[in-house]
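Q: Okay, here's what each chain looks like letter by letter:
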Amino acid sequence: MNLGLTLLRVFVFPGIIYTVFAAWFILWFDRKMTARMQNRIGPPFYQPFFDFIKLLAKDSQTQQSMEGKLMLGLPIMSVTALIGAATLLPVTASEQGFAGDLVLLVSLLEVPTICLVLAGFISKSIFGQVGATREAILSIAYNIPFLAGMVALASASGSLDLSKIVNSRPGVVGIAAFVSIIICLPAKLHINPFSLSNAEQEIYSGPLTEMSGAQLALWELSHGLEWVALSGLMAALFIPKTGIIGVDIILFLVGSILVSLLLIILSTGSARLKLGETVRLYWRWGTVFAGLVLIASMLWQL
Amino acid sequence: MKSPWLFHLNTGACNGCDIELLCCLTPRYDVEQLGIRLEGSPRHADILCVSGPVTRNTLDALQSVYSQIPDPKVVVAIGSCPASCNVFAGSPVVVGPLDRFLHVDVYVPGCPPRPDAIICGIVRATEILAEKVAQNIVVKESVA
Chain A
1 MNLGLTLLRV FVFPGIIYTV FAAWFILWFD RKMTARMQNR IGPPFYQPFF DFIKLLAKDS
61 QTQQSMEGKL MLGLPIMSVT ALIGAATLLP VTASEQGFAG DLVLLVSLLE VPTICLVLAG
121 FISKSIFGQV GATREAILSI AYNIPFLAGM VALASASGSL DLSKIVNSRP GVVGIAAFVS
181 IIICLPAKLH INPFSLSNAE QEIYSGPLTE MSGAQLALWE LSHGLEWVAL SGLMAALFIP
241 KTGIIGVDII LFLVGSILVS LLLIILSTGS ARLKLGETVR LYWRWGTVFA GLVLIASMLW
301 QL
Chain B
303 MKSPWLFHLN TGACNGCDIE LLCCLTPRYD VEQLGIRLEG SPRHADILCV SGPVTRNTLD
363 ALQSVYSQIP DPKVVVAIGS CPASCNVFAG SPVVVGPLDR FLHVDVYVPG CPPRPDAIIC
423 GIVRATEILA EKVAQNIVVK ESVA
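Respectively, the protein sequence lines represent chains A and B.
So the first sequence is numbered by my numbering: it starts at 1 and just counts up by one.
So the second sequence is numbered by my numbering: it starts at 303 and just counts up by one.
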């Protein structure tokens, strides 16, 4: 891959410019669709962007201590990791990855969770600590089917290279991996019915209760980027490539929006589950899917 | 100011004004189209909505919540209670009205006020907030 194309990927699509604007778009899309489904009108199109600007203009009462610096440093790390993850997504068939970029992608997608847990504990608020504990427990539960789906895809195509995985046709393993990964997305995005960590009205805003101004703005952006990266992951991995760059990009965008819409419908139509119920659900049924997808990938290789 | 976020504090109100405030979020009034969001944490908020005459027990909470809202901030008194203590005036446990403790920017009178009146008051508060933001920027530049 030549240098110009790489720079284009990093800075324009699917890199920094695309992900940030797509994050604002998807935050608006989430609020608007939720509002429409509740028979409300919902916020105007530019709302998440104005929220971001307003929060940056606030006087945030940051301390000069280590905690104060970390409270700003953690969301920056989270945003950076998610932009990196979105940049790695194989959008077109011709994109050349590198060996092992699947491992890098999976670990980058895990960074925001760790940052959120740390931020909750650092804020020293009781709500932050409850939220952080829940987030940590939840991440142990939902990562089993998620990682099993990824491992199955890698072993069915015999490669840890994202572009090779995308171009192989894993058939039934692909379908099983799709199911196994998509059931983890609501928990990864902290939306209903798995909105335990930021359970509003119950523990205020969970780990973000003590965040204000720029810290909160970056966390909001990070949440939007999580939507972009995870819905983009589904679209990039599971929509077959046509080989024509323009068509592939359009299919990727449409796929991302469809996955988001599915998750928004789920979150609007459901109520929050308890921690015990959520964890039991993932350990019991999530592990069943994880087992099925791994067995399918083993049989596929025979 | 296009995205005012509210924090709602009940300082001993009878719950009438609180229900009317929550009415504003329902499909009939839907304040989210103005970018208004009800936040759970005072650190996220721009506008403090106070309902109720200030009682002795809630005074500490009121002052602590007010100090936790980052500047620039605006206070809206919802209902007749924070304005005048209403029917609770003279009670030994009521230490209000609200303007003995905080600078109140907008009063929304009524017992309880209609949701339309509350929305009108909050829109007025966002205008005041926008002026404060502009002043804040000017002050910062002159200090720099």
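No wet-lab data here; the hints were simulated from the structure.
Careful, some of the hints might be misleading.
[Said to hold, decoys possible] Straight-line Cα separation of at most 25 Å, SDA-like style, residue types lysine to any residue; simulated pairs:
1) A/Lys32 to B/Lys434
2) A/Lys54 to A/Ala93
3) B/Lys434 to A/Phe50
4) A/Lys54 to B/Cys326
Q: Hinted pair, alpha-carbon criterion (25 Å max): lysine 54 of chain A, cysteine 326 of chain B. Please report holds or violated.
A: Holds, at about 22 Å.
Q: What's the verdict on lysine 32 of chain A and lysine 434 of chain B, does the C-alpha distance respect the 25 Å limit or exceed it?
A: At roughly 29 Å apart (the allowed maximum being 25 Å), lysine 434 of chain B and lysine 32 of chain A break the hint.
Q: So if I understand the rule, the pair passes when the alpha-carbon distance is 25 Å or less; does lysine 434 of chain B with phenylalanine 50 of chain A pass?
A: Holds - the C-alpha atoms of phenylalanine 50 of chain A and lysine 434 of chain B are around 17 Å apart, at most 25 Å.
Q: Would you check the hint for lysine 54 of chain A and alanine 93 of chain A, treating anything up to 25 Å between C-alpha atoms as holding?
A: 40 Å, violated
Of the numbered hints listed earlier, those contradicted by the structure are 1, 2.
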